Structure formats: structure tokens, C-alpha cells
Amino acid sequence: MASEDVMIKLESINKSFGNIKALDNLNLDIYRGELLGIIGPNGAGKTTTIRLTCCILKPDSGDIVVDGSSIHDDPITIKSKIGYLPEEPNLYERFKARDLLRYFAELYGVPKDQIEPRIEELLELVGMTHRSEDRINTFSKGLRQRISVARALIHDPEIIIFDEPTMGLDPATAASIRNFIRHLKGKKTILLCTHYMEEADLLCDRVAILNKGRVEDLGTPDYLKSKIHGDVILTVKTDSTRDPTAIKDQITQFESVGTVKFTDGIFSISLKHRNEIASIVDVFESHVVTVNTQEPTLNDVFIHSVK
Amino acid sequence: MKFITITKWELKNTLKSRKFMMIFVLQLSVLLLMIVVFNSFVANIESEKGISITPSLNGFANMDVQDQSGLISKYVNPEIISVNNVTSYNTSILRTKNGLTTGFLYVPGNADSLIKAGDTVNMLVYVDAADPKMSVVTDEANNTAKTIAQSYSSSLTKSANNQNQTANFTQETTGESLPLQIIKKVMLTILLFLPLLLFGNIIIDSIVGEKERKTGEILVAMPLSHSDIIVGKSLAVALTISLQVLIWLVVLIIFGFKIFNPVSVFLFVFLTSIPIIGITSVVAAYSKNYKEAGIGLSLVYLVVVGFLIIPALVYISRKSFIANISPMTIVMRLFSGDFIPLPDYLLCLGFIALVSLISYGIAIKMFSRDDITFGPRPSIFRILFEFLTLKFFRQ
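Chains as they are written, first to last, in numbering that gives the first Met the number 0: chain L, 0 to 306; chain D, 0 to 394.
By construction, these hints were calculated from the structure, which means they are not laboratory data.
This one's a predicted model, so the numbers in the text were calculated from it and none came from an experiment.
Honestly, I wouldn't trust all of these hints.
The following label-pair restraints were derived from C-beta to C-beta distances [claimed, not checked]:
(1) D:Lys18 to L:Lys57: 30 to 40 Å
(2) D:Met21 to L:Lys57: 39 to 49 Å
(3) L:Lys111 to D:Phe386: 40 to 50 Å
The calculated DSSO-like cross-link candidates involving lysine-lysine, where the alpha carbons are at most 27 Å apart (straight line), are [unchecked claim]:
(4) D:Lys364 to L:Lys20
(5) L:Lys20 to D:Lys390
(6) D:Lys96 to D:Lys318
(7) D:Lys1 to L:Lys111
(8) L:Lys57 to D:Lys287
(9) L:Lys95 to D:Lys15
(10) D:Lys1 to L:Lys57
(11) D:Lys1 to L:Lys95
(12) L:Lys80 to D:Lys96
(13) L:Lys80 to D:Lys287
(14) D:Lys73 to L:Lys111
(15) L:Lys95 to D:Lys390
(16) L:Lys211 to D:Lys213
(17) L:Lys111 to D:Lys15
(18) D:Lys11 to D:Lys290
(19) L:Lys95 to D:Lys96
(20) L:Lys20 to D:Lys287
(21) L:Lys80 to D:Lys1
(22) D:Lys18 to L:Lys95
(23) D:Lys213 to L:Lys95
(24) L:Lys57 to D:Lys213
(25) L:Lys140 to D:Lys287
(26) L:Lys140 to D:Lys213
In this text, a Cβ means the ideal position worked out from N, Cα and C, and glycines have one as well.
Pulled out of the complex, with its shape left as it was, chain D reads as follows (with noise of 0.2 Å):
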């Protein structure tokens, strides 16, 4: 239990200087301009309508057509959409929210009488807003309903008669569109998880300053074990993250972000933090000094910053089982109030365990070999050949 005292006072050094304080106070206000930008930045988003950032081909989505009149579904372009007759609303409405059709263009019966009447047609379209190629079913229905006015229209202009008829369609949606999920769930996890990989230079100069400034001869000659140091440092590194992610989770809820699930959506960024730590004192443990760590940290931080980020894109457009290996996916999930399974908690629980026991028990072995900490230090392909001829762990 040594590693408690390393922890205790590493904690103190750490709140107490002026360095991390400054570090604490810019990187809120970096989170409060985001927050003004990201605000600006959604309003305009949902101001605009019929966003379509899917290419269209012909069987690259289909659509249910319930047209009794048979008017509407002649003008809808084949080239474009597939379209299936249907009669049962209810049966289409659940293929949408189902996805075995990429949407449901409902006409009224008796659409034909409408429109002889001069009255206007309300045609409805379902779409899952998930579903990326929903706008393509949106945009046709749109052209149909257009081309069906301008047609009718130059008819009854024909016959002399003044009145302005139009065919509208209403879409209704069972969710928000892609493009705003994307900026507001993506975005929101990205703030909760930026302090995360802010913090990675405390850990750096808790394990690399042991040996730029060779304190870390003095430590290692103390009565603890190398996991005793490495755990005790992260330890404190973790419960400074944790104290800055719950700052910025008030902040959040302040600012007036919808964030279900508080409490369970700190302890899962909390508990990224343990593996991401990890990472970097394999970094740490490697490095020789501060510049060598900083280049080390800034190429693995691309990899885990990819692999949080790619995997909640994928759930987005997919709902994926193996995009819950991220935990910026359960995160999302949790702050959007989705109900989780316990299959997709054990897959990112589970993964979260792994990389922490690796990295880890990496970290700490090489923190204990003498050719790594006081030298000569082996290149890293030789470290690399060593662990995949599993000598490293032999050593």
C-alpha cells in the first residue's frame, strides 16, 4: 500500500503549483469558448433543412409508397429510389423504424379528388433520422411533390382558373438528423473526454522528470516496488483528471447541455482515464527526457484518440454491438438517456480492463529493467522484437 503515500503526495505537488493551476484555469476557459462556439454552431445547424450528404443511386435506397390513386408513385424517379407498393400503413412504419426500408411516402386515398377540387395534398414521409440515406427518400419525395404541382399547376392555368394549387409534403422523423447527432453528441463526448488527454503531460513530468532531474535514483533505492511507483503516480494523475471532469460536467449541465445518466457518465470517463494513463507510462517509462516523450505521446494519442472517436461515428450511423468497445460510445449513449444492455457495458468494461493490465504491466516492466531506466537504453524495435518473442516479460 506504499503506492498511497506516492499518491497522497504527488496529489499535493500537483494541486499546489502554479504550473497546473494556470494549465486548470486556461483549459476551462478554452471549454467555455467552446461551449459559445458549439452553441452558434448547432443553432445554424438546425435552422438549415434538407441537408443531403449521401450520393444517390438506383438501389442505393428504396422507399414503401402507399398510393391508392396511383397518381404520386408514377412520378417518383426509378433511376433514383426503389420503390414498393404497399397497403398497410402500420407495416411500413415499422419497416422504417426497423430498417428494412430506408423510408415510408404516405399519400391520401383520395389525393385525386383533392387535387381536381383545387384543395391541397398532405403527403407524409417517415424516415429514420439515423439512417444516413434518409435524405435521399427526403429529397425525392420533395422533387415528386414539386413536379406533381408544377404539373398540375400548367394544367389548371390552361383552363383559366386563377387558383394557386400545391401539392406539400410533411416529413416526420423519429429522431434528430445525422449531421446534428454527429455535432452534438460527438462534439459533447469530445469535451468530456478532452481533459483526458490534456493531463497527459503530468504523468510525463511525474515519471520522465525522475529522470531529467535523476531523482529517480533515490526513489527507486526506497523500500517500494516499480508497480508501487508507476500505480502511485498514475493513481494521482487519475484523480486529478477526475476532479477536472467533474468541473466540467457541472460546467455542462450549467450551460445547459441534456446530459442523462450524470453520475454513471463521470465513472466512465474516469475510467478511460486508467488505460489512456497507462499509455502513456509506456510512453513515460520509455522516454529519456521530455522531448523524446513529447513526440512518443503525440503519435499514441492519434491512436487513441481514433480509436474513442471512429467507433461512436460508426454507432451513430450503424447502432454497431462492436461500437460499444469505446467508451466515448457508452458515454454518448449514457448522456443521450439510450437504455444500455448489459452486453454492450461488458464489451467496453472488459476492453477498458484489458488495455489497463497491459499497458500497465508494460509500463512497470520497463520501469524495473536497468538497460530502459539508467541505460544503455535498447531501440524500440528491439523492445518490439523482445515482446512479440515474448522475451520482454522474461527479462
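So here's chain L without its partners, still in its complex pose (with noise of 0.2 Å):
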């Protein structure tokens, strides 16, 4: 994509917490419009990396560009960009949901007269009508998580940052935040934190995987995953008494298979394509109990990548 529609770009971003190197040298261009994924391991650094572009913390060294706007020149107006979702849906106890909208949608300056139909139309959207009057603490962490996701969008940003949104949710509740979210997609720039691989994968145009605040790997879920194993992996479990090396040497002479490994009584065989799956099935003869193809994950490529 051009230069023109990258909408944040992150440069030589360091940060450091005490001894701690939080992001060392971190590089990475969000497009405008696209739904970028960040997986990686705890400690990687994508609380961090989110934190620094909500101008919530600030880089030791290195430059955050939002939409044209640096974090070090005009914070405020890159804020005002962002909504963002924190992992923790921790907003006021006493507010009612409504008023907490109010305050929220006061404090990023939404003008007056669209502020009751922004937050009837966001209630909607979130399924929360009903408890738009009930205390905040009345609420399970599935509704508080909804009407974070409510307030974060208050102001129709142009960019929308969520923090591990589904974690700790209920499969249905996750399910509802996720169609939230392939709602906006197209719509807005959205940044994606997760540690949900299958969610990464369903949702995001490209993942970006991080590991000891480096960008350890970049690009469509199907491109990391083509990366690591080719196209299929084929499980193959035996009962036979021959020499597992004498099998994997005659499997290797196929020209589709990459790698094998057998632990188990189980060859796990990397192939290239589908076409020489009978004939290697063939080398095994009679002593099959079960075969099993399966195509990469986004979770074979975040292990991968981080191990």
C-alpha cells in the first residue's frame, strides 16, 4: 500500500519499565481502514505497543505518527482519533451506563445535540437498552465488557484499539464483541490485541506477531501460515513393529514432503500439496489404525515464531 494510507506508523519505538525492555526498536505501519491483529506471547510487548499509541504512556525513544500527528507534538488530537477498549473493563462503579456514556461522550467533546442519539443508537448496538438506568456495579463482566465497548466508541473514532476483548467472556458474549467488531471492520482502523489465535485469524486482514518487543513476523493470517508448514499436515497412527527410521527414510523420498517426526507411534508428515497422500499412506501398509490431514493454524505459526 502507499505511504499515504498508513494510518498509525509506529518508528525505532523503545520503551523501557525500570530493567525491563519492554519494545526494543518496534517498527510497524497500520493502513487505514484495515484490521491489523497483534499475537504474541505475555510479556511480548502488545499492551505496551497499544498503551504508547493511545498516548497513554510515552516512548523512551522513537516516534508515534497518528493520521499525520505526532505523540510527541499533539497527543490530544491523536486521542481524540482513538477508542480504545482496555483489556479490563474497569469503568466507574457508581455511574449509571447512560450517564457514563454522557460523561464520556462530554469529555471527547461530542457536540451536544448528538449526544442522547449516539448513546440511544450505541445501546442498541450493544444490546444494553434495557440496563441503560442500572448502576455500572450491577453488572456481570460479559455487560460491563459491552458497555465498554459502547463508551469506547462514543465519538465514532477513526481508529479503534481493543485490548484482549473477549478474554474471560463467556463463549456467547465472546462471539457477540467479535460480530462488534466484524461490524466495524472496513469501516474503521482497528488495532487488535488478542491472545485468541482463532480470533486473529477469523477477524484480521494481517497479524502482526511480537516477541520481546520485536515485530518477529508480519502479514496475512494465510501467508504466516503457508510460511511455516506448507499446505497440510498428515497424521498418520501405526501398530507396526518396523523401524520408525527405516518408515521415515522412505517417506522422505516423496517429493511433496517437507518435514517428519514421529513421537508416539505417530508420523506427523509436512506436505507441499494433497496428490502424494494415498501413495505415503501406501508405505505403511497394513498397520494404519488412523489417518488425519490437517492444515496449519495460526497457532502452529505464533509457536513457531516464539519458541
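Fit the two chains together into the complex; they arrive one by one in their own frames, and the hints show the way.
Here it is in C-alpha cells:
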């Protein structure tokens, strides 16, 4: 994409907390209208990256440019363009849901005549209209997360940043939050930080794998998956008494075979294509117990990248 | 102007909160109870006479004595008090008022003949009640009068005269006695300033609460500056305090306390709340949790209370200019109806402005620092070192 399509540009970002280096010369471009996922192990620097982008923290060095504004020069403008949903839906307990949205609308400078219609629209979107006059301290975690989503969207931001939005939620609520994100996809620039690989695989246009404060890999989910295993993984469980090394040698003769692993009577064979599957299974003769084929997942990519 | 939004919502939530209303009513009850105790205490003090609160030593106090007969002055103990024999009544009154002498004893010119005729001699002692040494003068004048009375009674008894002559002295003061002034003025001032110290927990709840409840992250992500957040929250507390001070002032006036210049008194107490909230904000911005903030606040408030009260006490005894640095001194003078020259006001207002600027500057800087707000937090000694080496404001 052209450089003018870059909505968020992180340039050589370094950030330490005491002696711990959270981000180490991090560079990342996020394009206008794309949904970029950030995955990585605990302590990889995901939340720090998000907090820096939201101007909650300041980098030790480097710059973040959001829609042409630098965090060093104009953090207020940047903040006004971002809707941020933090990992924990910590809200003001004493507020009623509607008052909370009104408070944040005023802080974001939403014009007075637009506040009430916007609140109604968002309460409808997150399915909370019937609880709008209830206090936050009466809400479950799932309901708080829904109100948090509404709070993050109250000023109709150009950029939305989600930090672990489905963490700790029941499957139904998690699915509804994913639906909100899917609903926003293409209309907004979205940064999604998640631990769930399926979520990233399902929702993201591109995924950045962060490890030890650096971007280890970056690309579309399909591209990342293709990079590690080829197309298919063939798993064969056998009761053969033959020497596994001899079988392994025989299998590796096939043109499509990449790597072959043997553990607890199971062969895991990575294949570049499916054409030779039948021939490979024939190697095991009548000693085949089960045969499975499996597409590589983003989880495999993640484990491969951070190991 | 985003801080106005924060102030509006903070104020709204505080006034709607049951916890606040409970504290508010409790404080008002305590005030009413204090008024009852205070009134009975003052009544008790006022009924007592001749309270001596200072030791007497030679040279410690002096007294002008106008005694043409020379009869009285020879009975004054020079080991206790230095006597200046004078001839001008008006000059000695002036000297007493200006603090050049501790007191002035006036003996009528015909004292000798009055005693011989068996009549009562009325002596007058003029003292400045604000002078802590005045009790030495009144005690000595009293003792002298008793000594003379005993001496002449004894001589007349010998001559078989049954008349019971005495020598009296009348004390005239230029104001209330020092103990009464301390009780009345300082206690009343403390009552007026009490809400300033009682509402520290609101600012702690407002700032430390954001950290404890982890809502600070969302607030910092808003299009607001750190100063908007600190100023907005502080203003809400200042307005809450002003409301309480106003109510207390009305209650005190209703209960019969003489308060001159009530509007100026209210204004000065309100102005004093600004630097106190600023100092509280510094403690809140540094503290990780309520417990830490509570300990910090107790220590800091000890210094604040000392700073407010000590100059006020100094002013009562010495009328020193520098004592006006404390707003408590100015408030005390205002409600007593004193004339306050402009430099005295300026000293106090200048100090309020200086402490406010410094405290809010530090609080805002602390709140905007990642390491203090989100950790790992530097130690207090490191912060002090940075402060002393001016690195603090460059961070």
C-alpha cells in the first residue's frame, strides 16, 4: 500500500520499565481501514504498544505518527481520534450506564445535540438499552464489556484499539463482541490485540507477531500459515513393528514431503501438496490405525515464531 | 476548558454519594457538639480572675508607677518587677499601649491622707491584655495592695481603731486576656479551617481511586491533558469544601459567634483550600493505594496544621508581620474586626499563590510520569533527589 494510506506508523520505538525492556526498536505500519491483529506471548510488549499508541505512555525513544500527528507534538488530537477498549472493563462503578456514556461523550467533545442519539444508537448496538438506567456495579463482566465497547465508540472514532476484548468472557458474549468487531471491519482502522489465534485468524486482515518487544513476523493469516508448514499436515497412527527410521527414510523420498516427525507411534508429515497422500499412506501397508490431514493454524505459526 | 467537565461530574457524583452525605452530616454534628463544649469552656475561663501564665524574674517585666506620696512604690518588690517612677499619666498610658512598659500603676496623689483618714485608696493598673507579661504586673500590684492593707490594719489595730480599712486597686485592660484570646480566636479559627482538613479523603478517593479501580488508564486515554484531570478533580473538591465552610460559617453566626467580615473570612478560607488540595494531590499522585495515601496524608497534614496554627499564636502574643503568612492569622484578624494593612494581605495571598503553583506543578508532573502512575515507581528519596537536582521537571 502507498505510504499515504498509513494511518498509524510506529517508528523505532523503545520503551523500558526499570531494567525491563518492553519494546526494542519496534517498527510497524497500520493502514487506513485495515484490521491489524497483534499476537504474542505474555510480556511480548502488546499492551505497551497499544498504550503508547493511545498516548497513555510515552516512549523512551522513537515516534508514533497517527494520521499525520506525532505523539510528541499533538497527543490530544491523536487521543480524540482513538477509541480504546482496555483489557479489563474497569468502569466507574457508581455511574449508571447512560450517565457513563454521557460523561465520556462530554469528555470527547461530542456536540450536545448529538450525545443522546449517539447513546441510544450504541446501547442498541451492544444490546444494553434495557439496562441503561442501572448502575455499573450491578453488571456482570460480559455486560461491562458491552458497555465498554459502547464507551469506546461514543465519539465515532476513526481508529479503534481493542486490548484482549474477549478475554475471560463466556463463549456467547465473546461471540457477540467479535460480531461488533466484524461489524466495524472496513469502516474503521482497527488494532486488535489478542491471545486467541482463532480470533485473529477469523477477524484480522494482517497479523503482527510480537516477541521480546520486536515484530517477529507480519502478514496476512494465510501468508503466515503458508510460511511454516506448507499446505497440509498428514498424521498417521500406526501399529507397525518396523523401525520408524526406515519408514521415515522411505517417506522422505516423496517429492511433496517437507518434515517428518515420529512421537508415540504417530507420524506427523508436512506436505507441500495433497497429490501424494495415498502413496504415502501405502508405505504403512496394513498397519495404519488412523489417518488425518490438518491445515496449519495461526496457533502453529505463533508457536513456531516465538519458540 | 475540559477540566470543567471533570469538575461538573465529580461534584455531581460527590454530592449524590451516600458516603459523602453521611460524612457531611457527621461533621455538622461534631461542629454543633464542639460549639457546646467551646461555649461552656469560654464561660468557665471568663469567670476566673488573675490567671498567671508566665514566670516572673527581675528585668522580665517593668512597670511605670505614678505615686506622688511615695507610699506605694516603696512596697513594690524590685526582685520581681522593675519600677520606673513617672510623673505624666498620659505618657505612661501611651507607653503601655505601645509596649514600652508592661504596665502602669496609678496611685492617687492624696493616698497618704486618705489612709490616715481611714478611707479606701483606689489604685489603677493599666495593662495590655495581649502582652503575656501583663499577669506579672497585675499579680505584683495586687500583692503590693495587700501588703499595704495588712501593714496599715495592723498599725490601726494597735491604736484601738475598729474601722477596717483596705487598699484596693482596679485593673483596666485594653483587650481580652491572652488565655481567653487563645481560646476564643484560635478555637474559632480552627473550627472554620477544619473542613479543609476533613475533605482530604475526597481528593484521595478521586485520584488514588483511579489507580486502585484501574479507571485511570481510560481517563488518561481521553483527549485531556494531565493538568485538566488534576485541576478538574481539585476544583470539585474545593467547591465541596467551600459549601461546607459556608454552612459552618452560617451555623457559627446563628449560634452567636461574633464574626466580622464574614464574606472575606469565607473567601480566605476558600483560598486556603486551594494549596491544601494541591498538597493533597501531590500525596495522591504519588501513592499507589489508599493505605499509602492515608499514611502520607497524616504526616503532611501535621506540617500543614502546624504551619497554620503557629503563626496565628505568634501573632496573638507579638503582632509580628511575618505571622500574617498563615491564612489562619488573616482569618482570625478578619473575624475579630481588626484593620488589616495591604502588605499583610499581600504576604498571605502571595504565599497561598506560591504554594498552590508549586504543589499543583508537582502533582501534575507526578501524574503525567509513566513510572509513577503505571510503575515501576521510583522511591520517594529518588524523587526528592530529582527534585533537588531539578531533574524532576525535565523528566
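Each hint tested on the structure:
1. A hinted range of 30 to 40 Å for the beta carbons of Lys18 of chain D and Lys57 of chain L is consistent with their spacing of about 35 Å.
2. The given range of 39 to 49 Å is respected by Met21 of chain D and Lys57 of chain L, whose C-beta atoms sit roughly 41 Å from each other.
3. One distance hint, 40 to 50 Å for the beta-carbon pair Lys111 of chain L and Phe386 of chain D, holds here, with the actual separation near 43 Å.
4. Annotation: proposed proximity of Lys364 of chain D to Lys20 of chain L holds, straight-line Cα distance about 24 Å (limit 27 Å).
5. Taking the CA atoms of Lys20 of chain L and Lys390 of chain D, the gap is near 22 Å; set against the 27 Å cutoff, the hint holds.
6. The suggested pairing of Lys96 of chain D with Lys318 of chain D holds, with an alpha-carbon distance near 13 Å, which does not exceed 27 Å.
7. Restraint check for Lys1 of chain D and Lys111 of chain L: the C-alpha separation of about 14 Å stays at or below 27 Å, so the hint holds.
8. A hinted pair counts as satisfied when its Cα atoms are at most 27 Å apart, and Lys57 of chain L with Lys287 of chain D qualifies at roughly 20 Å.
9. The straight-line distance between the Cα atoms of Lys95 of chain L and Lys15 of chain D is roughly 12 Å, inside the 27 Å bound, and the hint therefore holds.
10. Proposed proximity of Lys1 of chain D and Lys57 of chain L is supported: the alpha carbons are some 22 Å apart, at most 27 Å.
11. For the proposed pair Lys1 of chain D and Lys95 of chain L, the alpha carbon gap of about 21 Å is at most 27 Å, so the pair holds.
12. For the suggested pair Lys80 of chain L and Lys96 of chain D, the alpha carbons sit about 71 Å apart, so the restraint of at most 27 Å is broken.
13. Distance hint between Lys80 of chain L and Lys287 of chain D is unfulfilled; the C-alpha atoms sit about 30 Å from each other, more than 27 Å.
14. Distance restraint check for Lys73 of chain D and Lys111 of chain L: the Cα-Cα separation of roughly 89 Å exceeds the 27 Å cut-off, and the hinted pair is therefore not satisfied.
15. Proximity of Lys95 of chain L to Lys390 of chain D is assessed by CA-CA distance (about 43 Å); at most 27 Å being required, the pair is judged violated.
16. Between Lys211 of chain L and Lys213 of chain D the CA atoms are separated by roughly 25 Å; this keeps the pair inside 27 Å, and the hint holds.
17. For the hint linking Lys111 of chain L to Lys15 of chain D, the alpha-carbon distance of about 23 Å falls within 27 Å, and the restraint holds.
18. A C-alpha spacing of about 26 Å is found between Lys11 of chain D and Lys290 of chain D, which places the hinted pair at or below 27 Å, so the restraint holds.
19. Using a Cα cut-off of 27 Å, the hinted pair Lys95 of chain L and Lys96 of chain D is violated, with the two alpha carbons roughly 66 Å apart.
20. As the CA atoms of Lys20 of chain L and Lys287 of chain D are separated by approximately 23 Å, the hinted pair is consistent with the 27 Å bound.
21. Of the supplied pair hints, the one linking Lys80 of chain L and Lys1 of chain D holds, its CA atoms being roughly 16 Å apart against a limit of 27 Å.
22. A threshold of 27 Å between alpha carbons decides the hint, and for Lys18 of chain D with Lys95 of chain L the separation of about 17 Å falls inside it, so the pair holds.
23. Straight-line distance between C-alpha atoms of Lys213 of chain D and Lys95 of chain L comes to about 18 Å, which keeps the hinted pair within the 27 Å bound.
24. The hinted pair formed by Lys57 of chain L and Lys213 of chain D meets the criterion: a straight-line CA distance of about 19 Å does not exceed 27 Å.
25. At roughly 25 Å between alpha-carbon atoms, Lys140 of chain L and Lys287 of chain D fall within 27 Å of each other, so this suggested pair holds.
26. Restraint check for Lys140 of chain L and Lys213 of chain D: the C-alpha separation of about 15 Å stays at or below 27 Å, so the hint holds.
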